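*Asks:* Following the hints, position chain W against chain G.
Protein sequences, first through last, are from chains G and W.
Residues in the first sequence are numbered consecutively from 3, following the working numbering.
Residues in the second sequence are numbered consecutively from -1, following the working numbering.
Please keep in mind that the hints were generated in silico from the structure rather than gathered at the bench.
Small disclaimer: the values here were computed from a predicted structure and weren't measured.
Yeah, the Cβ is synthetic: ideal placement off N, Cα and C, and Gly gets one too.
Heads up, a few of these hints could be off.
Derived list of chain W stretches under chain G, where covered just means 3 residues or more per stretch with a C-beta under 8 Å from a C-beta of chain G [stated by the list, open to error]: (1) 345 to 354; (2) 443 to 455.
Simulated restraints, written as ranges between beta carbons of each label pair [said to hold, decoys possible]: (3) G/326 x W/386: 51 to 59 Å; (4) G/113 x W/402: 24 to 32 Å; (5) W/243 x G/46: 55 to 63 Å.
Okay, here's what each chain looks like letter by letter:
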Amino acid sequence: MSRRRKVAIWLLVLGALHGIVVCAGFFAPYDPVEQDRKSPYLPPMRLHFVDAQKHLHLRPFVYLFQLRPGTFDQYLEDTAQPRPLKFFVPGDRYRLLGFLPARLHLFGADTERIYLVGTDAFGRDQLSRLLFGGQVSLLAGLLGAGFTLLIGWCIGAAAGYYGGWRDDLLMRVAELFLALPWLYLLFAIRAFLPLAVNPLQAFFLIVTVIAAVGWARPARLVRGVVLSAKERDFVRAARGFGASDLYLLRRHILPETSSVLLTQAAILIPQFVLAEMTLSFLGLGVPEPVPSWGNLLSNLQQYSVLVSYWWMYLPALIMVPFFLGYLGLASALQERAEPYKIQRRSLESLA
Amino acid sequence: MSVCHRILFRSFLIFSALIFHPAFVHSQQNDAKEELLVLPGEISRSGGRLVVSLRGEPKTLNPIIAADARSREVIGVMQADLVHINRATQLTEPALAKSWKVSLDGLTYTLVLRKGLKFSDGETMDAEDVLFSFRVYLDENTHAPQRDLLIVGGKPIAVRKIDAQTVVFQMAKPYGAGERLFDGLAILPRHLLQKPFQEGKLGQIGSLSAAANQWAGLGPFRLKEYVAGQRLVLERNPYYWKSDSKGNSLPYLDELVFLFVPNADAQVLKFQAGETDMISQLGAENFSVLSRQQNGYTVTDVGPGLEYNFLFFNLNDVGEKASAELQRKQKWFRDIKFRQAVSAAADREAIVRLVYQGRGAAIWGLVTPGNKSWGDANLAHPPRSRDRARTLLKEAGFSWATGPNGESTLLDQDGKPVEFSILTSSSNADRAKMAALLQDDLKQLGMRVQVVPLEFRSLLDRVTQTKEYDACIMGIASFDADPNSDINVWLSSGGTHLWNPSQPHPSTPWEAEIDRLIEEQMSARTFEQRKKLYDRAQEILAEYQPMIFLASPDILAGAKDSVGNFHPAVLEPYVLWNVEQLYRKSGPENATR
Chain G
3 MSRRRKVAIW
13 LLVLGALHGI
23 VVCAGFFAPY
33 DPVEQDRKSP
43 YLPPMRLHFV
53 DAQKHLHLRP
63 FVYLFQLRPG
73 TFDQYLEDTA
83 QPRPLKFFVP
93 GDRYRLLGFL
103 PARLHLFGAD
113 TERIYLVGTD
123 AFGRDQLSRL
133 LFGGQVSLLA
143 GLLGAGFTLL
153 IGWCIGAAAG
163 YYGGWRDDLL
173 MRVAELFLAL
183 PWLYLLFAIR
193 AFLPLAVNPL
203 QAFFLIVTVI
213 AAVGWARPAR
223 LVRGVVLSAK
233 ERDFVRAARG
243 FGASDLYLLR
253 RHILPETSSV
263 LLTQAAILIP
273 QFVLAEMTLS
283 FLGLGVPEPV
293 PSWGNLLSNL
303 QQYSVLVSYW
313 WMYLPALIMV
323 PFFLGYLGLA
333 SALQERAEPY
343 KIQRRSLESL
353 A
Chain W
-1 MSVCHRILFR
9 SFLIFSALIF
19 HPAFVHSQQN
29 DAKEELLVLP
39 GEISRSGGRL
49 VVSLRGEPKT
59 LNPIIAADAR
69 SREVIGVMQA
79 DLVHINRATQ
89 LTEPALAKSW
99 KVSLDGLTYT
109 LVLRKGLKFS
119 DGETMDAEDV
129 LFSFRVYLDE
139 NTHAPQRDLL
149 IVGGKPIAVR
159 KIDAQTVVFQ
169 MAKPYGAGER
179 LFDGLAILPR
189 HLLQKPFQEG
199 KLGQIGSLSA
209 AANQWAGLGP
219 FRLKEYVAGQ
229 RLVLERNPYY
239 WKSDSKGNSL
249 PYLDELVFLF
259 VPNADAQVLK
269 FQAGETDMIS
279 QLGAENFSVL
289 SRQQNGYTVT
299 DVGPGLEYNF
309 LFFNLNDVGE
319 KASAELQRKQ
329 KWFRDIKFRQ
339 AVSAAADREA
349 IVRLVYQGRG
359 AAIWGLVTPG
369 NKSWGDANLA
379 HPPRSRDRAR
389 TLLKEAGFSW
399 ATGPNGESTL
409 LDQDGKPVEF
419 SILTSSSNAD
429 RAKMAALLQD
439 DLKQLGMRVQ
449 VVPLEFRSLL
459 DRVTQTKEYD
469 ACIMGIASFD
479 ADPNSDINVW
489 LSSGGTHLWN
499 PSQPHPSTPW
509 EAEIDRLIEE
519 QMSARTFEQR
529 KKLYDRAQEI
539 LAEYQPMIFL
549 ASPDILAGAK
559 DSVGNFHPAV
569 LEPYVLWNVE
579 QLYRKSGPEN
589 ATR
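Isolated chain G (complex conformation) (with noise of 0.2 Å):
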């Protein structure tokens, strides 16, 4: 396969799963928010296509479920009522893309609400908590990498083109931010901000201080490249002919960045996420009820929710498939921007 190949189809996974979270308003049954007293850590249910009297469907159906008598979170399947499941249905409001208000879901039951991962506490649907919390999580992780590679990307360039006391300044500035023990400065921001702060400004202040801590390593690879680029031929040739810093820059030196940077995003992407995760799981992310999938991960700090509802997990396990794509295409647009290298180390390591 091609390498140019092998970075489309990564390419391809993660723009499948990103246009779900994205869409998450169509794909999910129902608001994320909503309450469903009745069914609290309600198991997912199965879809089936043969019901009790062994009759094939072609619709696949669920059971609902009844309460145990006697316990409130032990369920059992009703075989009396199967329900199928529709398709395309008008639902709960919602917004696609943000702005394009909207009813259709993806699928739907007719009466009764159907969930096909769970609930949680609350009988919140988890698929829809699921979807909905990526969109929070991802879009941190793509805004932070995108401020965080901004921000290292100039303070590279400018600490490895100017060289000098500049480049030391910046460069022990950058070390300082690397050593600094950023959970718990972040603990003290906290404690001075307003106590209540609304989801958007929760998730802003995520965003800023993921970029924050962020910077200095893709800063001191840009730096590298910078150094390396200033001082080939035709830079200098250029310079001699008086082009100026402005144009230098531009023109020659931060382009040879570019497959560092690219390489950079698809490694910190993934890795912000998880900061997101990390931080909403300790409380600091986006407040109740807005989900996020730290937010939800972080029911399982109760040990009771632990061992008795499996269907929890799932948060842990959606990344799956998004960190495989970012990975993916971090690998392949290494081995596209460093084809040489790869393939000696490759020797290297059979030697």
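*Replies:* Frame of chain G, contents of chain W only:
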């Protein structure tokens, strides 16, 4: 000698025997046995050790400075009081005092001490120790938390000694709760504390790391070993003053071990793994985990307890220094109809079901169903009604605007959206869940509510010190069924009058009325009089809704099957209240251990 004379002489002999015989026996060595308090219950032999977990390290063993629940729990098994409230019957029982008399006017209590009482270091205890203890509690420089309790009718209780066994307590006003006053007031060892008391160093005594012989009590256990950060080991007090009905001296257990386990889930894991023998204050979800796989242990739902959970708004008179925003919000909070609407919208039944898995009760007042005698039967229990809530809000001048997505927003008189935050303790998952349910209930009314989990100490600091908050969800567990245990919640001058604590003067007429009712019931003589006054106070609270009561959890506890006499109570300390009677059953299971 005539027959008549003989009979007289005989009767004199019998008479004298009657008079002198008991005294004679008392002066003999089995005198102590005579004065032991005999407890009914399963009989066993002494021996064995019991391990329980404690939420953290107790700060002190000194009852004069103990303010945290962990210290009090440990002190509870190391100290004893004159009169004790039986945690199962919720009634008073003789303890160090074998009997007591109340004068007709209700002002004088005469307590007769048991004979032969000894502290855990072997020193005898008598009326002098009682005098000393009360002098310490009442001393202003000691700052003992017990002091407030001992000021009745504005004057400290006067304590007098009649003889070595008899003490008289004189009050300025009758005390409604009567001898319940003495429960929990530990009698202190004068021989150890007199000197530090005179030097004003009493607060430094009783640290855990001090040698075991520097501290003594009258409780069933005494200090044996303290390992910082890990455990506290207590051993049997050989001088304890109770026995079982066969005459065996109590406690049965040789050792009682407290493991420091700060986290509720970790306590459950330790109990499940068999590292601890008993567990209390279980959450409903952990209870259902434990009851699903009962393996050598049993968990019990003891029934509704005395803990009440509630929402309250910031009704403090914060004055100039408060932010304009808080002042704007307080305009809503001070509106009775607003608070009533919030109460009407709260889905208490869902809280009981989703937070407590049905192991709890919805409440509309501070007296929970676990309290056997003080609940007000006339208190209304209105079901959740969104319509009523909307009507109330409309009457108070609020209106609604419909947003672009069809969601409605509640607007106040000035057309500003109603938005506020609710604080909850981040370490209490139950209350966080209540807040999330309430948030959704209020969203239906168009209120935008944010839930802010906060570490408990900083939450308390905000509520009682800085007063920078909108609303807060909290829970209080009364330590006794008597209304006087919640006195600081009721009185406007009280420190746990949470919506507006420690007021110099009651800021509203209805708070003044509650103050009057509560103070009056404190000195009313009969239960009926007190109940009537207390009912009225409950009704005022329910009408003005400064606290919006939500739910009360059942007391859930568990013990290994090898623990005998395990009878958990709904009062603190839930499983350790009869610690002197707990014993280890000898069975095959124990033999292998």
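*Asks:* All the hints need checking, so say for each whether the structure fits it.
*Replies:* Hints, one by one, checked against the model:
1. 345 to 354: That given contact holds, which follows from 4 residues of the region 345 to 354 of chain W lying within Cβ reach (below 8 Å) of chain G.
2. 443 to 455: holds (count 5)
3. G/326 x W/386: 51 to 59 Å: Holds, at about 54 Å.
4. G/113 x W/402: 24 to 32 Å: 29 Å, holds
5. W/243 x G/46: 55 to 63 Å: 57 Å, holds
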